[in-house]
Amino acid sequence: MADKSKSRTLLTGLGVALAAVLFVAINVLAGAGLSGTRIDLTADRLFTLSQGTRAILAKIEEPVTLRFYYSARLGREIPSYGVYAQRVREMLEEYRDAARGKLRLEVIDPQPFSDEEDRAVAFGLQAVPLNQQGESVYFGLAGTNGADREETVAFFQPERERFLEYDLTKIVYNLTVTKKPQVGLLSTLPMEGEFRGMQGPTPPWAVYTQLGQFFDIRPVAKDATAIPADIGVLMVVHPKGLSDNTLYAIDQFVLRGGRALVFVDPNAEGELARGGQQAMGMPVNSNMTKLFDAWGLSMADDKIAGDRIAARRVNAGTAGRVRAVDYVAWLTLREQNFERGDVLLAEASTLQMASAGILSPKEGATTNFQPLVRTSPQSMEIAAEAVRLQPDPEKLLNDFKPSGQPLVLAARVSGQVKSAFDKAPEPAKPAEGAQKPAEPPAAPPEYLAQSKGPINVIVVADTDMLEDRFWVSVQEFFGQRVATPSAYNGDFVVNAVDNLMGSSDLIGLRGRGLSQRPFTLLENIQREAELRYRAKERELSDKLKDAEKRLSELQGRNAPGTGPAAASDARTILSPEQQAEIEKFRGEVVVVRRDLRNVQQDLRRDIEGVQGFARMANIGAVPALVALAALVLGWLRVRGRRPQGRG
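Mapping the sequence shown onto this note's numbering, position 647 (from 1) lands on 702, and the numbers just tick up by one.
These aren't lab readings, by the way, just hints derived from the structure by calculation.
Please read these numbers as outputs of a predicted model, since none were measured by experiment.
Any given hint could turn out to be false.
Cross-link-like lysine to any residue pairs, in silico, SDA-like; alpha carbons within 25 Å at most [claimed, not checked]: (1) 277 to 299; (2) 507 to 249; (3) 358 to 435; (4) 604 to 473; (5) 157 to 78; (6) 473 to 337; (7) 417 to 395; (8) 277 to 249; (9) 417 to 454; (10) 157 to 222; (11) 234 to 137; (12) 277 to 345; (13) 277 to 531; (14) 358 to 478; (15) 234 to 353; (16) 507 to 694.
Quick list of simulated restraints, FRET-style, between CB atoms [claimed, not checked]: (17) 81 to 524: 51 to 57 Å; (18) 337 to 447: 49 to 55 Å; (19) 134 to 537: 18 to 24 Å.
For each residue, glycine too, the CB sits at the ideal point set by N, CA and C.
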């Protein structure tokens, strides 16, 4: 018996030893043979190179060198930076492997007062002090090519981790293209920044900066009479008050095969915020009705799109007393609002728009009107005047009556078109006293009555989506401006221009991974709960206002003066019937306030119940499933050990 016990112990020990050896051997073999193999299970595939990046890497002709400067001391002192640095290094290694020898990677730990640190400073990388002794650390990237061109990331910000691939591919792209495509920009808004008197100059808009990272932006004057032929795409933003000569120039540019990206707006909120044009009687809407008629689409100047499902939540109360309300004129548009069949929006995630207009095809048009961005069916047309100056989000929501039909906010127009002009307009006469140009202007191209081929134009009925405050937050970091997007707006503009240029490489990059990842299911449940209680809440609020108004009228009746003494005199001269009526309304005010408070508490209880269920499902679901699986396996094992009955 003792021998059997010893043999069993020996076999157990040998089994454990063999298992340990096998475990180590499998790990060694896996490390050697599967080092480049990984499975990306993230929703946005954040750890997998996109097709756009691979396409750009495949087009590298001259070798590119990327120098990754990272101070190991930074990771030891602040572990979160160490984790992010490993993520950056692994991504750079993916780039190196995908480039098939055309990309060289150097990893450098710049020691204080070393040649490596001097070179990092020469590249313009950001030195960040780590302690009070003034020791500096680095966490940046410098890229160079054979032509001595340089592109850098001054300091990798953890807040931009979800945009890591975008930032790295941008560097490689700029080092590989010999000449950036030209984009003409005709804008009545200060996208490139402006000078504001005592406040000094303002920085360019983030979308302008992002566009300039991939294209050569060429300004086009608001009174231009011709569009240069070497411009690939013309971007028109808020075309307010353009002359017939400028509209004719745009018309002829498109007819000759030029591509256009047009942003119009029935209510440019950014223009209101900057100059108060509406208060001064100046229009804040823009349209290109004459050209749109020829292209086969239209946009109403006095209507905006409201959407109860896509509405953004705002504070309709005060800073001290927050009252969250869905503002149906400000929209957060997601996958269900995009035309996935168009490559432009195949990878889009979120767009933010504000008081956007409504596009529609014209009856009898010869062009193809392809919607790109739509509202949900829970939408309606709202008068633009209702959201100007001082809009009331709560009233808009209370008066909202869904039409049941989605509204188009952005569209692609293609096909053969005729000119919007019967002939070239007469040249504008120069103003009196205007200085004559040193050289006579070039003769405009010959008039075209119809397009040489199918046109390709993208029209967006909103200009506010380009402004920083609606889609990006910009922070200062040791003199560097760090932009963290919360929506896809900037990528949408870059990708639209890239697509109109005839490429799709940048579209493949996509804005995957944003700083905000909302729990949309919870938002929808919460919105439905609010809608159930809003009618009752509105009824009680109206009743409360009427009761308080009636009470105020009764208390002020026959008052001989003002102030506390007058109120006391009023009470003494009121009849018993009037005093009884006052007490009745006071009691009614108390009852209505209590009912209103109960409704709001019920709403809060429902929302907190939904949130609690969501937390329980997220936190407890996996452990519960594991426990259930363990119980099932245990039951099966016990059942398997039972002796089988003999037949």
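To see whether the hints hold, each was checked on the structure:
no., hint, verdict
1, 277 to 299, "11 Å, holds"
2, 507 to 249, "38 Å, violated"
3, 358 to 435, "10 Å, holds"
4, 604 to 473, "62 Å, violated"
5, 157 to 78, "37 Å, violated"
6, 473 to 337, "32 Å, violated"
7, 417 to 395, "24 Å, holds"
8, 277 to 249, "16 Å, holds"
9, 417 to 454, "29 Å, violated"
10, 157 to 222, "19 Å, holds"
11, 234 to 137, "37 Å, violated"
12, 277 to 345, "17 Å, holds"
13, 277 to 531, "33 Å, violated"
14, 358 to 478, "32 Å, violated"
15, 234 to 353, "37 Å, violated"
16, 507 to 694, "80 Å, violated"
17, 81 to 524: 51 to 57 Å, "54 Å, holds"
18, 337 to 447: 49 to 55 Å, "23 Å, violated"
19, 134 to 537: 18 to 24 Å, "21 Å, holds"
Of the hints listed earlier, those the structure fails to meet are numbers 2, 4, 5, 6, 9, 11, 13, 14, 15, 16 and 18, in rising order.
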